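So the sequence lines, in the order shown, correspond to chains A and B.
Start counting the first sequence at 22; every next residue gets the next number (my numbering).
Start counting the second sequence at 1270; every next residue gets the next number (my numbering).
There's no promise every hint is true.
Restricting the straight-line Cα-Cα distance to at most 27 Å, the calculated cross-link-like pairs of lysine-lysine (BS3-like) are [what the hints assert, rightly or not]:
1) Lys1369/B with Lys86/A
2) Lys86/A with Lys1362/B
3) Lys1295/B with Lys1283/B
4) Lys272/A with Lys1363/B
5) Lys1363/B with Lys1426/B
6) Lys1303/B with Lys377/A
7) Lys377/A with Lys1426/B
8) Lys1295/B with Lys236/A
9) Lys377/A with Lys1369/B
10) Lys272/A with Lys1326/B
11) Lys1283/B with Lys1363/B
Quick caveat, the hints were computed from the structure, so don't treat them as lab data.
Everything numeric in this text was worked out from a predicted model, so none of it was measured.
The residues making up each chain are set out below.
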Amino acid sequence: MAHLNPTPVLEPGQDRTMILNMGPQHPSTHGVLRVLLEIDGETVVRLMPDIGYLHTGIEKTCEAKFYQQVVPLTDRIDYLCPLTNNLCYVLAVEKLLGLEIPPKAQWLRVLLNELTRINSHLVWLGTHAMDIGALTVFLYCFREREEVLKMFEMVSGQRMMTSYFRVGGIALEPPLGFFDRVRDFAGYFPERVDEYENLLTGNPIWLMRTKGVAKMTAEDAIALGATGPTLRGSGVDIDLRRDMPYSSYEKFQFRVPVSQEGDVFARYMCRVQELRESVGIVRQALDGMPEGPIKADAPHVVLPDREKMKTQMESLIYHFKIITEGFAVPAGEVYQAVESPRGEMGYYIVSDGTAKPYRVHMRSACFANLQTLAKMCEGRLLADVVAAIGSIDIVLGEIDR
Amino acid sequence: MPLVPAITDVEQLKNHPAVARLLGWKQSAVQSAKYDRDEMTIYVDRSDIREACALLKDDSACPFNFLSDVTCVDWYPSEPRFEVVYHLLSIPKKERVRLKVRLNSSSPTVDSITSVWLGANYFEREIFDLFGVRFAGHPYLRRILMPEDWEGHPLRKDYPVEGYR
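Can you build the whole structure from these sequences, using the hints too?
Following this line, the structure appears as structure tokens:
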């Protein structure tokens, strides 16, 4: 356990070693991550991540908000996959309430979540490749990401902080032309993934920088709490979408990519193949999109339609009550986990029967995944640290909350 | 799914793999249990938590081999004040179970489970940082999110939302 037990401020252990500070403002740490390294020449002897620079106390803030007011806060945790966080939170509250969500809303949630996964993986792929020196891929990835962000803007009015899901359903019907745009995107996106793979997968320089680098065994990955592609890259076959389905994922056919090697390349392959699987799910969601309402039949929880408020007194009263008093949630506790692009995103919500959550805890995938960094890097070359950080795909907003 | 009343009778719940394993080990290990909203909660005595985790991890029938999450809830001003909450996942069986330990405010200390799962390290540091609960045997129990010289534990209920001014 020595690698998890460094002295508070790393002091050189022997005459040969020196302490190197990396970050918190370093282009390859993907945010404000500080890493303390003890190095012997080019070899990393010890590594200690230092986090907390982006801590905003979101969990504390949630306790002072009504349940529906927490949704915008969940976006801000992970700015690359806001809709995954929205989904996880609303699923948890709906479980507390015992609400039944109409099929169309569930399918729309799946559709948007897979688009979010594509968005997140594209940012990861672009920046990860750039860290290792393949600059071109970044421009290609951001070209497609722009299209995904425009689709988010179409449905929610926001490119990044979407807040599109509501407890009990979805805020609004998607606008005209949205589905055509998604279908168009799903049509050409697989070719674009081929383009990225042409640049990287067979590229000898890419292979030298990633194959056999930052290895981690399945046992270590499980012991350290790694999830998502970081775990699947080490050969553990688990994906919550398939194994513990939520929001109708059981009705979709998709493969879960798993690689055995446990190195940077294995994690890269997992995510690139996930891009293709996600497009497949998007296409299935488009083809099988059910008709019907997008909000649950629960007037005390779901805001009424704008039109009804103008003609029906009860709708106006419900609207007034939900906005001013919130809605009470039966006492209890739930833990709801979803498969975010980075791993198991979980919300643990405790209700004391009032309109404000008593406790909201976010189990962040990156927070646990970051613990694997020391395991991956110690005893290896300094240059590989950059590749390892990229390969676990961290978002500091989610780590620090 | 509509809500159904929670089951709190241990007799009815003893077929659940985690309850059965713990009862088979020691009758007093399970203080109480609750099945609510398709989720299993087991209250474990504070002195048993590390061994209970180790037992469930290596159970041959249904190994809860993955530690999803550790967190804490502050029930100020009632006593016992703190509840430390462990979420375990069985990767082979796709089952979850929640273990809970109650702690008094006079001695908010519980055994660390980092010897069972290394990954508990960060979670326990976070609880120590934000709630002030101590973990005996933790290899590096220091603040993780707040600055080193911060006073107080922000997620405690007697800590104001806007901080001390």
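Structure-based check of all given hints:
no., hint, verdict
1, Lys1369/B with Lys86/A, "26 Å, holds"
2, Lys86/A with Lys1362/B, "37 Å, violated"
3, Lys1295/B with Lys1283/B, "13 Å, holds"
4, Lys272/A with Lys1363/B, "18 Å, holds"
5, Lys1363/B with Lys1426/B, "34 Å, violated"
6, Lys1303/B with Lys377/A, "23 Å, holds"
7, Lys377/A with Lys1426/B, "14 Å, holds"
8, Lys1295/B with Lys236/A, "40 Å, violated"
9, Lys377/A with Lys1369/B, "23 Å, holds"
10, Lys272/A with Lys1326/B, "32 Å, violated"
11, Lys1283/B with Lys1363/B, "19 Å, holds"
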